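Basically my numbering = 1-based index in the sequence shown + 709.
The reader is advised that the hints may include incorrect statements.
Claimed, not checked - Simulated crosslink set (DSBU-like; lysine-lysine; CA at most 35 Å straight-line): (1) Lys1142 - Lys961; (2) Lys986 - Lys925; (3) Lys924 - Lys739; (4) Lys925 - Lys1004; (5) Lys1104 - Lys1142; (6) Lys925 - Lys1186; (7) Lys881 - Lys833; (8) Lys839 - Lys739; (9) Lys1124 - Lys1044; (10) Lys986 - Lys810; (11) Lys739 - Lys823; (12) Lys833 - Lys1044; (13) Lys739 - Lys799; (14) Lys986 - Lys1087; (15) Lys1183 - Lys925.
Said to hold, decoys possible - Simulated restraints on C-beta separations: (16) Val858 - Arg1132: 16 to 22 Å; (17) Pro987 - Val793: 50 to 56 Å; (18) Asn1090 - Gly1149: 17 to 23 Å.
Simulated from the structure, these hints should not be mistaken for laboratory data. All values reported here derive from a predicted model rather than from experimental measurement. In this text, a Cβ means the ideal position worked out from N, Cα and C, and glycines have one as well.
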Amino acid sequence: MPNRRTVLASSALAAAPLVLPAAVFAQTRKNAIVLGMTLEPAGLDPTAAAASSIAEVTLYNLYETLTKINADGSVTPLLAERWVVSPDLKTLTFQLRRGVKFHNGEPFDAQAVKFSFERAAGEKSTNKDKRLFANLQVQVADTHTVVLVSAEIDPDLPFLLGQATAVIVEPKSADGNATQPVGTGPYRLTSYNRGASLVLEAWDGYRNAAAIPLKKATFRFIGDPAAQGAALQAGDVDIFARFAPRSVPQFKGNPRFQVVVGGSRAKTIVAINHRRKPLDDVRVRRAISAAIDRKAMIEGAADGYGVPIGSHYVPGALGYVDTTGINPFDVNKAKALLAEAGVKTPLELTVTLPPTPYARQGGEVLVAQLARIGIVAKLQNVEWAQWLSGTYGNKNYDLSIISHVEPFDLGNYAKADYYWGYRSPAFDALYDKIRSTGDGAERARLLGDAQRLLAQDAANVFLYQPQWVTVAHKNLKGFWKDMPIFVNDLGAMAWA
């Protein structure tokens, strides 16, 4: 595989100290860690829901995949020891690791892989990558050999099989994974205080348990940016990835901490619900796009930590083209487009915002910028579970601000039932060509065409590529700087 690519707690809960006093915690710090997270996962089964917060807790910790995505975007073996790709690029043969067991003692084998992938493709599946698995035929050659036959050429398949949607689950326990996760990973869930924290502890039955430095990891869910900073300063949290940029200055120059700015493949957008009038009119969507000053949004929403984008694609990815000039900031043009579409102002729209700081801060900027073209935007703040069920699930919104963090998610625009409701036969045909093209140069060209089409259709308002900030104790090592996918790889972390 080519080496490329890529909160629910209240302020009061968030600010509350851990039960252990600081002095006692310091004594156990060499084999334990406390991680802060902005969003609490809605469940612990990454194959059942789309939220990236699930993977931040579970991927490579509780569950494992055939392949592993590394911080630099490269792909290496994990539950598979190796794999071979056929000359036609459609068949991958995986040799599985031997002697691996699930947390409940059941053996990991080719049948477990077959079950996991067929479950992901099944009629009742809610896996966000269901289409990927539906295109795979899973053949068991023997106990430790799996053959995947893809209906389409997909050079990215080894990478995709390292994502959380491709975790291997134990058949008898799979239905309970949302609350009682069973995987092959080095950790097990030992407690979960909903709305506040959960605890993972190292599993003695792991195939290489002695090589795991950290024996206990506590995840604390802290949505309020001020409380996040306070928890770090007090020593109640050792590391906070995707830290609120507005709170970063207090840690710069502080010898107790390291502040790391990393890259991502995320796309922060203003999502537009095409199912609602007048947002189904491309002229209205272009008007909204033209009303937004991306640089002002980056400053206001991300405190300067971002790179402008003009489509659902980011610099550094295969085939990236700069499309920021297709819908540039132009207030007069935006007003003219609304008039051309017959929209009478003031036009009232609701902006539904999840609890992440970039969304809440960005919402204030969006209101001010839309007001200049006669759009009255009303902010509606919701919690993460509400956003997932109401906005993402039930499509109940006009506009929303959200970061899509998956590296390869252009295909969402080819999904008829996806939450923004974009429909384009031209894009569907183009994406099919992308999926079936094995030649790298041709694939890059087609990806460029797809980016231009999304920009021209103003499928959403494409704002910026986030730069993620991690604040950590100075002695902690092994955490990821860049984020090709969102994980907290506990097995790689240790105290210096």
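> Any hints this thing doesn't respect? Which numbers, in order?
Replying inline: Violated: hints 1, 2, 4, 8, 10, 11, 12, 13, 16 and 18.
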